[in-house]
Amino acid sequence: MSKIPKNLLYTEEHEWILVEGSRGTIGITDHAQEALGDVVYVDLPKVGDKVVKGETFGTVESVKAASDIYAPVSGTVVEVNEALKDNPELINKSPYEDAWMIVVELDDESELDELLGPEDYENILEGE
Amino acid sequence: MLKRTPLYDAHLKLKARMVEFGGFEMPIQYTSIIDEHMAVRTRAGVFDVAHMGEILVEGEKSADFLNGLLTNDIAVLKDGKVQYSIMTYDDGGTVDDLLVYRMDDNKYFLVVNASNKDKDFEYIKTHAPAGVEIEDLSETCAEIALQGPESFKFAEKLLGPLHIARFYFIKLKYGEESLIISRTGYTGEDGLEIYGPPESIIKLFADFIEAGVTPCGLGARDTLRFEAGLPLYGHELSESITPVEAGLLPFIKFNKDFTGKDALYRQVKENKGRRLVGLKLNEKGVPRQGYKVFFGDSEAGFVTSGNFAPYLKEYLAMALVQLPQDSMEDYIDKEFEIEIRGKRLKAEAVPKNFLKALRPGK
Numbered sequence: 006m007s008k009i010p011k012n013l014l015y016t017e018e019h020e021w022i023l024v025e026g027s028r029g030t031i032g033i034t035d036h037a038q039e040a041l042g043d044v045v046y047v048d049l050p051k052v053g054d055k056v057v058k059g060e061t062f063g064t065v066e067s068v069k070a071a072s073d074i075y076a077p078v079s080g081t082v083v084e085v086n087e088a089l090k091d092n093p094e095l096i097n098k099s100p101y102e103d104a105w106m107i108v109v110e111l112d113d114e115s116e117l118d119e120l121l122g123p124e125d126y127e128n129i130l131e132g133e
Numbered sequence: 011m012l013k014r015t016p017l018y019d020a021h022l023k024l025k026a027r028m029v030e031f032g033g034f035e036m037p038i039q040y041t042s043i044i045d046e047h048m049a050v051r052t053r054a055g056v057f058d059v060a061h062m063g064e065i066l067v068e069g070e071k072s073a074d075f076l077n078g079l080l081t082n083d084i085a086v087l088k089d090g091k092v093q094y095s096i097m098t099y100d101d102g103g104t105v106d107d108l109l110v111y112r113m114d115d116n117k118y119f120l121v122v123n124a125s126n127k128d129k130d131f132e133y134i135k136t137h138a139p140a141g142v143e144i145e146d147l148s149e150t151c152a153e154i155a156l157q158g159p160e161s162f163k164f165a166e167k168l169l170g171p172l173h174i175a176r177f178y179f180i181k182l183k184y185g186e187e188s189l190i191i192s193r194t195g196y197t198g199e200d201g202l203e204i205y206g207p208p209e210s211i212i213k214l215f216a217d218f219i220e221a222g223v224t225p226c227g228l229g230a231r232d233t234l235r236f237e238a239g240l241p242l243y244g245h246e247l248s249e250s251i252t253p254v255e256a257g258l259l260p261f262i263k264f265n266k267d268f269t270g271k272d273a274l275y276r277q278v279k280e281n282k283g284r285r286l287v288g289l290k291l292n293e294k295g296v297p298r299q300g301y302k303v304f305f306g307d308s309e310a311g312f313v314t315s316g317n318f319a320p321y322l323k324e325y326l327a328m329a330l331v332q333l334p335q336d337s338m339e340d341y342i343d344k345e346f347e348i349e350i351r352g353k354r355l356k357a358e359a360v361p362k363n364f365l366k367a368l369r370p371g372k
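These protein sequences, in sequence, are chains A and B. If you want the working numbering, it's the position in the first sequence, counting the first as 1, plus 5. If you want the working numbering, it's the position in the second sequence, counting the first as 1, plus 10.
Extracted from the complex, chain A is given alone in its bound form (with noise of 0.2 Å):
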């Protein structure tokens, strides 16, 4: 069974959130990750980039396949995590940790209650 941390807001499309205060931390989940297979590239914004709330805003790509990951809320890229351009096997290996993704200046909290709880994220993949 995947990891599913209880501190952590969750999408539909796997990306999770870690708000705190302004800011949202962003990554894939560890269903994510386990669906993928061995990542091998991962394209992301630049500071400063505008993301927007269900569009793309980067690429995760594994020995399969591309795939798109979906912004949880919109808001302004103030921090991308270099290390993943080295070392993008780092979402297979720790992906709520050290495989988090950007950071956002969030542009509306209220997005935030469209997302899914924990539990709420749980059932979704039971489903699946």
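In short, the hints are calculated from the structure, not lab data. Note that beta-carbon positions come from the ideal geometry of N, C-alpha and C, so glycine has one too. Be aware that one or more of the hints could be misleading.
As the list claims (entries may be wrong) - Listed below are several chain B residues computed to face chain A (Cβ distance under 7 Å; list not exhaustive):
# : residue
1 : I43
2 : I44
3 : K294
4 : V296
5 : Q299
6 : Y301
Stated by the list, open to error - Which bits of chain A does chain B cover? Going by a derived footprint, with three or more residues having C-beta under 8 Å, they are:
# : stretch
7 : 39-45
8 : 75-81
Place chain B on chain A using the hints.
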């Protein structure tokens, strides 16, 4: 309804991730494609390749018949020899690529791609003259591949001493059954391909794993063959890609007649068609089949296979490109670009046998 190989239950027991391939339900990976890939490069891995098709061609005229159908020259084969060959249409397009095992001068065992087996069988049967018997052995003959530098160590533990030169095969008694074991493979490593009745192959597969060989899925089989620069039907070869374009000239013998010879000979003579090149990305990104390739300002062709090569740790591609009339050597170190999701990334031409050319320490 998807077909299953005799090893289907073994795959489920090993908790393999199963996918559809060539009409079969096959394991794509057991643990991780990269771990399985590295096991084959450094130790030994075992693959279920029982989905491949086996066709027996028998009869007095079988050598002449096959020589008229295949690009390579069967006349040079001795008993116990295996040969890589290609079957082409009149226009030079590829029916399939295959291995030919010479059992004796009137009996040949062909191993063809799973997804082409029915097409190949029909094609061969339709062209066969009286006195040549064609039999589809695919249902009764299972196959596994043991690949990697330690293959012989593991194989000899289970099967006793094996004296097989590269691209030769032996027949070996295993219990009551007879196996065919060839020193061939599709990974760029030394290794063996083993054919036999399903029960024996199921037992051998389990015994290899018990002995410490890593079970490997189709995912690693593809990254390994790609990293070794080996062609795959549907990528580097197809009805619309000829073996001349794919750079397989050593396997085409123009000193004999065969279907497609004129078209292939014309391509060689004219030397202005497409050709397969190896490309190494100088920026990070994963090239995939169908991505556009540019040379200078103009679109030159497309990627036939591309991926991250796990052992070489490079992002590589094979691409079919149309270039001006110089020799390929002139393009080594020249600048290509591959378009990946709207962005053009810089690439350089490298020998397409990536493993041999780029292997550390070589």
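Each hint tested on the structure:
1. I43: holds, 5 Å
2. I44: holds, 4 Å
3. K294: holds, 6 Å
4. V296: Where the cut-off is 7 Å and the nearest Cβ of chain A is about 4 Å from V296/B, the hint holds.
5. Q299: Result: violated, 11 Å to nearest chain A Cβ.
6. Y301: violated, 11 Å
7. 39-45: holds (count 3)
8. 75-81: With 0 residues close enough to chain B, the hint is violated.
Figure legend: structure checked against the earlier numbered hints; hints not met, in rising order: 5, 6 and 8.
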